[in-house]
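The lines below spell out each chain.
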Amino acid sequence: MERNNQLHRQVALMRQSLFDQGYLDEQFVQLEELQDDTNPNFVEEVVTLYYRDSARLVASIEQALDNRPLDFNRLDSYMHQFKGSSSSIGGRKVKAECSQFREYCRTGNGEGCIRTFQQVKREYATLRKKLEAYFQLARQAGPRDTASRST
Amino acid sequence: MASPSTRSYHGCDKDSDGSKRGKLSVLIVDENVLVCRVHEMLVSKLKVAKELLTETATDGKEALDLHLSGSSFDVILMEMDLPIMDGPEVTKKLRAMGVKSIIVGVTSRDSKVDREAFMAAGLDVWLEKPLTAHKLKSVVEALEKK
Numbered sequence: 001m002e003r004n005n006q007l008h009r010q011v012a013l014m015r016q017s018l019f020d021q022g023y024l025d026e027q028f029v030q031l032e033e034l035q036d037d038t039n040p041n042f043v044e045e046v047v048t049l050y051y052r053d054s055a056r057l058v059a060s061i062e063q064a065l066d067n068r069p070l071d072f073n074r075l076d077s078y079m080h081q082f083k084g085s086s087s088s089i090g091g092r093k094v095k096a097e098c099s100q101f102r103e104y105c106r107t108g109n110g111e112g113c114i115r116t117f118q119q120v121k122r123e124y125a126t127l128r129k130k131l132e133a134y135f136q137l138a139r140q141a142g143p144r145d146t147a148s149r150s151t
Numbered sequence: 001m002a003s004p005s006t007r008s009y010h011g012c013d014k015d016s017d018g019s020k021r022g023k024l025s026v027l028i029v030d031e032n033v034l035v036c037r038v039h040e041m042l043v044s045k046l047k048v049a050k051e052l053l054t055e056t057a058t059d060g061k062e063a064l065d066l067h068l069s070g071s072s073f074d075v076i077l078m079e080m081d082l083p084i085m086d087g088p089e090v091t092k093k094l095r096a097m098g099v100k101s102i103i104v105g106v107t108s109r110d111s112k113v114d115r116e117a118f119m120a121a122g123l124d125v126w127l128e129k130p131l132t133a134h135k136l137k138s139v140v141e142a143l144e145k146k
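Residue numbers (the UniProt record's numbering), protein chains in the order written: chain A, 1 to 151; chain B, 1 to 146.
Possibly wrong hints are sitting among the right ones.
[Stated by the list, open to error] Straight-line Cα separation of at most 25 Å, DSS-like style, residue types lysine-lysine; simulated pairs:
1) A/Lys121 x B/Lys129
2) B/Lys135 x A/Lys93
3) A/Lys130 x A/Lys93
None of these hints come from the bench; they were simulated from the model.
It should be emphasised that the depicted structure is a prediction, and the values quoted were computed from it without experimental measurement.
Let's have the full structure, built from the sequences with the hints guiding it.
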C-alpha cells in the first residue's frame, strides 16, 4: 500500500516537472480532462498517435531538406502539420521550435531551416523520452482517482 | 492519400435533462488523425444530445463526397488547411448545395485576412486551434439558438 502511494507520488512529481520545465502546456491538461472511465487510456492513445504522426512528418521533412532547391512551401506545409500535432498534445517546446522553423521558411532561409530542424528533432526526442517514462511509471502505479492532479 | 471516413456513436445512459435534443450528428474534417480524435472526444463531452454520431474526414473532397452521397450533419468542424480541397472551398460548395449545417471553421492561422476569407466562404463561427471545451461552448450556444 505504502509502495503504491509512493509510486503515485512519483507519478505526480514527474507530471508536475513536465509542466515546470516547459515541456508541456495547458493543452495536455485538456487531454487529461477528456479521459474518463469509457476512455481510460485516452491521453496515452493520443500521444501514441502523435509519435506515429511525428515519425512520418520528420521523415518527410528530412527528405524535403535533401532536395535542391529547397521547396519552402512544402517544408512549411509539413511543419504546419507537425506544429499542429505538437500543439494538440501540449508539446510546448516542440511547438516553439516548429514556429521558428516556419519563420525561416517564410523568409526563405535554408540554413536557418536546416539548423532549426535539428532543434525540432532534439526537442521532440526529449519530449517523447519523458512522456514514455511518465506513462510507464503511471502504468506501474496503476489507476488512481485523478483528483490528485494539479498544475 | 485519402483515408476512409470513420463513424462513431455515443449514447447517454442518463437522461436527466428533458430539454436535450434527441440526436446530434457532427462531421470532423481535419487532415490530422490525432486532431480528429481529440475533437471527437471534445464533442462527445458537450452533452447537448441524447445520442451523438460523429464522423471524420481527412480531406476536403472526402467531406464533400459524404454530402454528395446523401449524408447530412448538424455540425461540421472544418479545418481551414486541408489536402485536395481546402476548408473555404469545401464550405463554399456545401453552402451552394444548400447545406444548412452549423459550419465551424477551425484554424491555427493567425492572419485576419485568412480568417475573414474563411468566414466569407460561409462559416457560422470560427475557432482558434487548439480547440478546448470552453471554445466549443460557443458552438453549443449557436445550436441552442437554432
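Outcome of the hint check:
Taking the CA atoms of A/Lys121 and B/Lys129, the gap is about 23 Å. The hint holds against a cut of 25 Å. A threshold of 25 Å between alpha carbons decides the hint, and for B/Lys135 with A/Lys93 the separation of about 23 Å falls inside it, so the pair holds. Taking the CA atoms of A/Lys130 and A/Lys93, the gap is near 13 Å; set against the 25 Å cutoff, the hint holds.
In this structure, every one of the numbered hints holds.
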